[in-house]
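Please build the complete structure, drawing on both the sequences and the hints.
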Amino acid sequence: MKLLVNTTTLSGSGVTQVAVSFLRECIEFKDNEYHVLLGKAVESQIDKSTFPDNFVFYPISSHPLYGIQGFKVRNIVKNIERLIQPDCVFSIFGPSWWTPKKPHLMGYAYPHYVYPDSPLFEKLNTAQRLKVSLMKMVHIFFLRTNGKYYVSETLDVTNRLKPLLGNDKNFFTVTNTYNTCFSNFFPSDEFILPSKEAGEFRFLSLCTFAIHKNLIILNQVIPLLNSIIPNNKIKFVLTIDDVLFENNFNEESKASIINIGRIDVVKCPQLYYECDALFLPTTLECFSANYPEAMKMRRPIITSNLTFATSVCEDAALYFNPFDQKEIVNVIVQLVSNKQLANELVLHGEKRLNSFLTPKQRTMEYLKICKSIIEDDK
707 MKLLVNTTTL SGSGVTQVAV SFLRECIEFK DNEYHVLLGK AVESQIDKST FPDNFVFYPI
767 SSHPLYGIQG FKVRNIVKNI ERLIQPDCVF SIFGPSWWTP KKPHLMGYAY PHYVYPDSPL
827 FEKLNTAQRL KVSLMKMVHI FFLRTNGKYY VSETLDVTNR LKPLLGNDKN FFTVTNTYNT
887 CFSNFFPSDE FILPSKEAGE FRFLSLCTFA IHKNLIILNQ VIPLLNSIIP NNKIKFVLTI
947 DDVLFENNFN EESKASIINI GRIDVVKCPQ LYYECDALFL PTTLECFSAN YPEAMKMRRP
1007 IITSNLTFAT SVCEDAALYF NPFDQKEIVN VIVQLVSNKQ LANELVLHGE KRLNSFLTPK
1067 QRTMEYLKIC KSIIEDDK
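Counted the way our numbering counts, the sequence shown spans residues 707 to 1084.
Calculated directly from the structure, the hints in this document are not laboratory data.
Owing to the predicted nature of the structure, the values given are computational and were not obtained by experimental measurement.
Yeah, the Cβ is synthetic: ideal placement off N, Cα and C, and Gly gets one too.
A couple of the hints might just be wrong.
To be verified - No more than 25 Å apart at the CA atoms, straight line, and that leaves these computed lysine-lysine pairs for BS3-like:
{"#": "1", "residue 1": "K708", "residue 2": "K784"}
{"#": "2", "residue 1": "K708", "residue 2": "K829"}
{"#": "3", "residue 1": "K875", "residue 2": "K1032"}
Said to hold, decoys possible - Cβ pair distances, simulated, as ranges:
{"#": "4", "residue 1": "I774", "residue 2": "Q1067", "range": "30 to 36 Å"}
{"#": "5", "residue 1": "D970", "residue 2": "S1078", "range": "30 to 36 Å"}
{"#": "6", "residue 1": "L1063", "residue 2": "K902", "range": "55 to 61 Å"}
{"#": "7", "residue 1": "K875", "residue 2": "E952", "range": "45 to 51 Å"}
{"#": "8", "residue 1": "I774", "residue 2": "K807", "range": "21 to 27 Å"}
{"#": "9", "residue 1": "K778", "residue 2": "S1061", "range": "52 to 58 Å"}
{"#": "10", "residue 1": "E1081", "residue 2": "D970", "range": "17 to 23 Å"}
{"#": "11", "residue 1": "I733", "residue 2": "Y1025", "range": "34 to 40 Å"}
{"#": "12", "residue 1": "L830", "residue 2": "N873", "range": "15 to 21 Å"}
{"#": "13", "residue 1": "I934", "residue 2": "S1061", "range": "57 to 63 Å"}
{"#": "14", "residue 1": "S1061", "residue 2": "I969", "range": "53 to 59 Å"}
{"#": "15", "residue 1": "N925", "residue 2": "K837", "range": "19 to 25 Å"}
Here it is in structure tokens:
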């Protein structure tokens, strides 16, 4: 199979991880020919020299949507498709913003449109809600226009997506999972974080500062923790841009936060290793890879009591209302003070992990779908 893989639209950390993992696992499937439209975010995370000769990379420096450069990019990728004549095009996450001539599979990862009942929307102002509505109209239009086949990461998302796109057919589900680098992890002597103080407990929030990630709640959580725990040694490790960190957290909160900025995918397992638990107060997801990552790294999870989290984690996490700082603090204290509870969550996580695909299995499923739509389109 000659496959054209499109990563030009990707910028977020989660979707980039999926793309990087898929490309690395494709190395094992040697019978295929891979032509990769390589966006900047994915290019920064891979070493092209480590890929065999059946991979051809086409670096694309701009997003295919925006302005004159976007127009140029769309023409470039159309020309590449015409020259290559692939059997199938796989846009790892759409919309692609151009319509291939060949059978086209697009991934879906916009939780805002399939979960309109999220409590996040109650917190948005009128302008923010209007922006989401306009973006939804644009994205849904181009999802319908650019492709015919769609893949999402949970059955619930798939079922919610069908009426949005007005089609009951041509939908597939392939669960998200941890990145390939988690399977081959060995602790490094070169630590990412500063040395721990005696008694220090570190919660990791491995995500961007997007509004739905709800990291801003730490401005209320940390002062409350400080008020009830003398000499509080609970730290929160963030991976957000320095400017966002400086501009959005108060001084008391900053004193309990270690922000390391954006981190390469391959360093994520080491970061989990250096932390004690996952803290994810997110209000909206399709499927966060943080959950299986924490399970793989044997770290307990505390997260939002919302269906996208409970359906993935089940009994492998403690849950809280993401907008209730008192409830969040209670759950934090409950976990930090009870090592047996933490160990039980880890054991539940190891069992739950068996229900997810491995990175190799996920790649096999994607490739199987590509082959099936080639046959379907004949």
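Tested hints:
1. At most 25 Å may separate the alpha-carbon atoms for a hinted pair to count; K708 and K784 meet this at roughly 16 Å.
2. The suggested pairing of K708 with K829 is violated, with an alpha-carbon distance near 46 Å, which exceeds 25 Å.
3. Restraint check for K875 and K1032: the C-alpha separation of about 45 Å exceeds 25 Å, so the hint is violated.
4. The given range of 30 to 36 Å is broken by I774 and Q1067, whose C-beta atoms sit roughly 42 Å from each other.
5. A beta carbon spacing of about 34 Å between D970 and S1078 agrees with the range 30 to 36 Å that was offered as a hint.
6. Between L1063 and K902 the C-beta distance comes to about 34 Å, which lies outside the given range of 55 to 61 Å.
7. Judged by the Cβ atoms, the range 45 to 51 Å given for K875 and E952 holds: they are separated by roughly 49 Å.
8. Here the CB-CB span from I774 to K807 is close to 24 Å, well matched to the stated 21 to 27 Å.
9. Taking 52 to 58 Å as the suggested C-beta distance range, the pair K778 and S1061 does not conform, at roughly 44 Å.
10. Between E1081 and D970 the beta carbons are some 38 Å apart, a value that contradicts the proposed interval 17 to 23 Å.
11. Take I733 and Y1025: their Cβ atoms lie about 38 Å apart, and the range 34 to 40 Å holds.
12. Distance hint for L830 and N873: a CB-CB separation of about 29 Å, inconsistent with the stated range 15 to 21 Å.
13. The hinted window of 57 to 63 Å between I934 and S1061 is violated, with their beta carbons roughly 37 Å apart.
14. Between S1061 and I969 the C-beta distance comes to about 27 Å, which lies outside the given range of 53 to 59 Å.
15. With their beta carbons about 23 Å apart, N925 and K837 fall inside the hinted range of 19 to 25 Å.
Of the numbered hints stated above, those contradicted by the structure are hints 2, 3, 4, 6, 9, 10, 12, 13, 14, listed in ascending order.
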